[in-house]
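Engineer: Chains as they are written, first to last, in our numbering: chain R, 788 to 1254; chain S, 788 to 1254.
Derived from the structure by calculation, the hints contain no laboratory data.
Warning: the hint list may mix true and false statements.
From the structure, some residues in chain S lie toward chain R, with a derived Cβ separation under 10 Å [unchecked claim]: (1) 845; (2) 853; (3) 859; (4) 900; (5) 901; (6) 909; (7) 910; (8) 912.
We treat Cβ as the ideally placed atom computed from N, Cα and C, and that holds for glycine.
Protein chains: 2
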Amino acid sequence: MGLSDESFHMDPDEFRRHGHAVVDWIADYMERVGELPVTPDVAPGEIAARLPAQAPEEPEDFAAILRDLDEIVLPGITHWQSPGWFAYFPANTSGPSILAELAAAGLGVQGMLWATSPACTEIELRVVDWLVELLGLPRHFTHADGPGGGSIQMSASDATHLVHVVARGRGDVAYCSDQAHASVARGARIAGLEVRKLATTPHAYALDPGVLRRAVLEDLDRGLRPAIVTSAIGTTGTGAVDPIDAIADVAQEHGLWHHVDAAWAGSAMVLAEQRVHQRGVERVDSYTFNPHKWLFTNFDCNVLWWADRAPLLDTLSDTPPYLRNAASDSGAVTDLRDWQVPLGRRFRALKLWWVLRSYGARGLRHHVAEHIALATDLAARVDGHPALAHVAPRSFALVSFRHVDGNAATDALAAAINATGHSQVTASALGDTRFIRVSIGQTHTTAVHVDRLWDTITGATARAAPR
Amino acid sequence: MGLSDESFHMDPDEFRRHGHAVVDWIADYMERVGELPVTPDVAPGEIAARLPAQAPEEPEDFAAILRDLDEIVLPGITHWQSPGWFAYFPANTSGPSILAELAAAGLGVQGMLWATSPACTEIELRVVDWLVELLGLPRHFTHADGPGGGSIQMSASDATHLVHVVARGRGDVAYCSDQAHASVARGARIAGLEVRKLATTPHAYALDPGVLRRAVLEDLDRGLRPAIVTSAIGTTGTGAVDPIDAIADVAQEHGLWHHVDAAWAGSAMVLAEQRVHQRGVERVDSYTFNPHKWLFTNFDCNVLWWADRAPLLDTLSDTPPYLRNAASDSGAVTDLRDWQVPLGRRFRALKLWWVLRSYGARGLRHHVAEHIALATDLAARVDGHPALAHVAPRSFALVSFRHVDGNAATDALAAAINATGHSQVTASALGDTRFIRVSIGQTHTTAVHVDRLWDTITGATARAAPR
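Assemble the whole structure, with the sequences as input and the hints as a guide.
Structural biologist: In structure tokens:
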């Protein structure tokens, strides 16, 4: 062959040694992440400048690579896993999930078809069925009972886009509230649909069935065909909950596809007392939530359920000759490539399985309830503080408030919190009103961290008062 | 709060202990994967039946979870990482890539914006720029020089879909060859475009510029607007290479977007002598390849480059209030959420960075060249075997052949190979002609494994001869 026998591969013994070192590095990171400033102090281009302009010609030692985790990577990390992370929504994680990612990477399977790794498909179908029960969703969402079923997607944005592609057969207009996540309008536009963002109810910021009905009728008058409405359980802005049942009535009247985006708050449905917020879910066409937000499972792990899988499969199934195989031809198996836009898929079900087993249903309920209790407690403190006002009711584990002195004071307060290094919140806006979102959900956030945040808030508002 | 202080989390010490066990399990798996039957012997439903119908109520020990890797998972695994894996295309991997997946999961960052982890974005921009040079692509694909740039997507299917969404502004018809990967027509349809699959040249199965030009003119005559053509460097069927330069002429004549799908064969471009196959690439609008196929990087890791990022950003950028931040507003940073359909993103650049550093450019060239040499050698043996005939020329590391006795003999030969347990090939079809694809590219495939495959082929054809 004219080539040397030289090998550049890491052999199993080296893997074992270096692997232990990486595990130890992460364990150390877990121990110290709470002490690190949540956001890094780097200017644009500063991290890139530490990398050479070209790939190295010669192999580098793993020791050098590992060292650069501390010297190059860590200085540029925003610590989503800090217990002081109150920004955006959480992207929480856990030991079992991280180790499942490792095991999945080591197995290196590509689960596009049942035949290309039966365990990858069958464990996924089983655990998404488990979640149907854990979240109190209707049995027709299960593979076991059907005619629906669920699968793991990369993100709620992907899920919502895919739903809009499938619903496109029904018409050309998509509806959502003006508080819906940006991914709804984006997914609809990418799917080629026109989008109507509907005005929400005052104070609650929820989708108004009457407003939806009028919008649908106006579009019908114009000769357009309404296709789909997306309801949110927990909007990104303030955690608003749209009235699923009432929206389902309008959807039924006009033959609209009804999609539910519970990306964040879906995790709260492990608690039976929260399920009042999804009343009517037995009448929706699709439902999505992200275990990778608030259920201790690494990004990426979104679950998308269909009340009926037929329209999905009609839209996406096609079989080129190189994917034909006896198992698929028999009709006895599910090929998950038909459930998503991409063809290939990682073994993401492994982390969901490990998380559900490691925590048990009881453990998940316990920690989600703990986050909601922390938020409830914080909301009461906001209520009692003269310089602060809620901009919307506390929703699940999200508290949204402003400074009573107005936008400048609100932004100054957010900046003061974020400048502490120990806590990070998101400053956002409702129309022209600036406000602060405190989202509680990092795995290790406890009362200690919320107290520290509160001390910062009271300190900053006290200092600002004389001005 | 009314809740107990009970914790269900795995603490850092437990993580350290269990993490070492998972690393050891993978190292053991690496050592024994070559001895395991490549495909599992399980009936549909058999793996699922080993899982309870409901999620466990109580937490389970990690030891039980780890034991089930052997007892439940492994019996249902198709071993893509076996050195006897010659099926589909490879999804190869390597020690540094697996460990980078672990580190990325441990950091748990979500890199949607520069500000949500500057290192995640800056390392990605730098390594995709490195790859521009490693693959001999034009400098205007780099972030450093522009006006283009690249980013990591989940899969070539996602990349191709996204390109069709962006190209939709130019018209309503998409073109590709009838040998293009199924994801091209699928991505085009999902984007809402009509698709023309064009007849290919005899023997080479390549896109014919004359056929493309006639199809475009016919559509123009019908009042349709041609939008985009996709050329393949290495089709999935037989590894056909479309004439990029000649297709670029037609694209230029008619204002078509020109996308190149080099999902598999892009990795071969690390070798300067292979770049003749991408002649004309400096004139294309977008180019995609999968390091997760043949560049020792775990799925998922696709790279998609744009010759000009403006049409992409015009299509996808929008900024809701909760994503506004000073760095983004300054225009000094790249927010990679604007480069993809999903919003969230894992720190996938870490594995690409670790792979490029661990192998060095020289190591990557060495091992890719080794696979091509093995395929070249196998192709010569097929040439010299009276019972076998190529159905297309050997392409990079893919050899496509049939049994001269026809389809039944070809399928029987494929079945005999796959029944050995040590080697796995894909049986496919070109029109009515069945053939066998031998794709060489698993990380640890060497002459030993190709020889064993060849012994099976010669044995099976010798036994079949008397019939």
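Engineer: Taking the hints in turn, state whether each one holds.
Structural biologist: Consistency of the hints with the structure:
no.	hint	in the structure
1	845	holds (4 Å)
2	853	holds (9 Å)
3	859	holds (7 Å)
4	900	holds (9 Å)
5	901	holds (7 Å)
6	909	holds (4 Å)
7	910	holds (7 Å)
8	912	holds (7 Å)
In this structure, none of the earlier numbered hints is contradicted; all agree with it.
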